[in-house]
Amino acid sequence: MTSSSDGKEHSAAGEVRAIVVGHGSYPEGMIDAVDRITGRGHLLVGISNRDLSAGEIETRLRECTATTGVKVFFSDLPAGSATLAVRRLLRDHTDCVLVTGANLAALLDFVFQPPMSAVDAAHHAAEKGRLAVIVNGGAW
Amino acid sequence: MSVRLYRIDDRLIHGQVVVGWGQPLDIEFIVLVDDNVASSDWEQDLYRMGIPPEMEILFADVASAARDHERYVGDPRPGIVVTGDIATMDRLVCATGTIASVNVGGLHYRAGRSQKSRYVFLTPGEERELRDLASRGVKVTAQDVPAARQVPIEEVLGDAPPDRRGA
Numbered sequence: 001m002t003s004s005s006d007g008k009e010h011s012a013a014g015e016v017r018a019i020v021v022g023h024g025s026y027p028e029g030m031i032d033a034v035d036r037i038t039g040r041g042h043l044l045v046g047i048s049n050r051d052l053s054a055g056e057i058e059t060r061l062r063e064c065t066a067t068t069g070v071k072v073f074f075s076d077l078p079a080g081s082a083t084l085a086v087r088r089l090l091r092d093h094t095d096c097v098l099v100t101g102a103n104l105a106a107l108l109d110f111v112f113q114p115p116m117s118a119v120d121a122a123h124h125a126a127e128k129g130r131l132a133v134i135v136n137g138g139a140w
Numbered sequence: 001m002s003v004r005l006y007r008i009d010d011r012l013i014h015g016q017v018v019v020g021w022g023q024p025l026d027i028e029f030i031v032l033v034d035d036n037v038a039s040s041d042w043e044q045d046l047y048r049m050g051i052p053p054e055m056e057i058l059f060a061d062v063a064s065a066a067r068d069h070e071r072y073v074g075d076p077r078p079g080i081v082v083t084g085d086i087a088t089m090d091r092l093v094c095a096t097g098t099i100a101s102v103n104v105g106g107l108h109y110r111a112g113r114s115q116k117s118r119y120v121f122l123t124p125g126e127e128r129e130l131r132d133l134a135s136r137g138v139k140v141t142a143q144d145v146p147a148a149r150q151v152p153i154e155e156v157l158g159d160a161p162p163d164r165r166g167a
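Protein chains in written order, with this note's numbering: chain D, 1 to 140; chain E, 1 to 167.
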């Protein structure tokens, strides 16, 4: 499952477990990386905010959520329009969870987790992502 | 003048505003002018979550933004005033009488709008609103991020030939 460069999601139905949202090619790139490393990119679907209004992003998210039944969202920037759209969705989907600032380590952890609650899976992945941010070298 | 940018952007607070413009302009406060957001605590909480701790966000309807505009301008901190549509910015321009330039940062696709540039989609009514805004002596340009070229609104609307420099 991959995101496209035109902001439209491509879903192959079935076992999607999370939606990756964000700027430009971020969703597509992250899912491609997950797939190349694990072959499990099909567990993720991407939605880019590229060229979309806030309302249109939210509409696509809601459509994708209804289609896939997904309860976990990963986004890039806490202040991004895609993140805000997910937060709007969370208002009436209180069983869903959002992880902002998601990196590749977080997504890799997520796709390898055995079935567990969405909240547990999101927290576990977020912790892995945090631990992956490390500064090496330099006199600081 | 501490208001560095008056921006029309239908995403209101998002990455381009907070980071794209916020960092190079050292923005320390953002005024979100929107009648609906100003009357909704939930909407305000939503946008507040997207603002870094070093930045302040103020919420105002058009009437209170017009009333407090001198305070925004006199604030020693650099700031941005953002509206989600042309009509709201036009009302603010008319109410204050002192806004010299307006940035069209993003009016994205939705039904009824036609594409004018990569990030500007307008209904016929919105085209008229932009022309009205410009006719009041306001310099209206389109520019999504600081590194992009400032495109005169006449060019966006097809009233002037495109400037090919860096377009």
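Worth flagging that the hints you see were computed from the coordinates, not collected in a lab. Heads up, the beta-carbon is just placed ideally off N, CA and C, and yes, glycines get one too. Please note that the accuracy of each hint is not assured.
Derived coverage of chain D by chain E (criterion: at least 3 residues anywhere in the stretch with Cβ under 8 angstroms from a Cβ of chain E; other residues may be distant) [as the list claims (entries may be wrong)]:
#, segment
1, 52 to 61
2, 80 to 93
Here are a few chain E residues that face chain D, going by a calculated C-beta distance under 7 angstroms [what the hints assert, rightly or not]:
#, residue
3, R11
4, V73
5, R77
Status of the hints after comparison with the structure:
1. 52 to 61: holds (count 5)
2. 80 to 93: holds (count 7)
3. R11: 4 angstroms, holds
4. V73: 25 angstroms, violated
5. R77: 18 angstroms, violated
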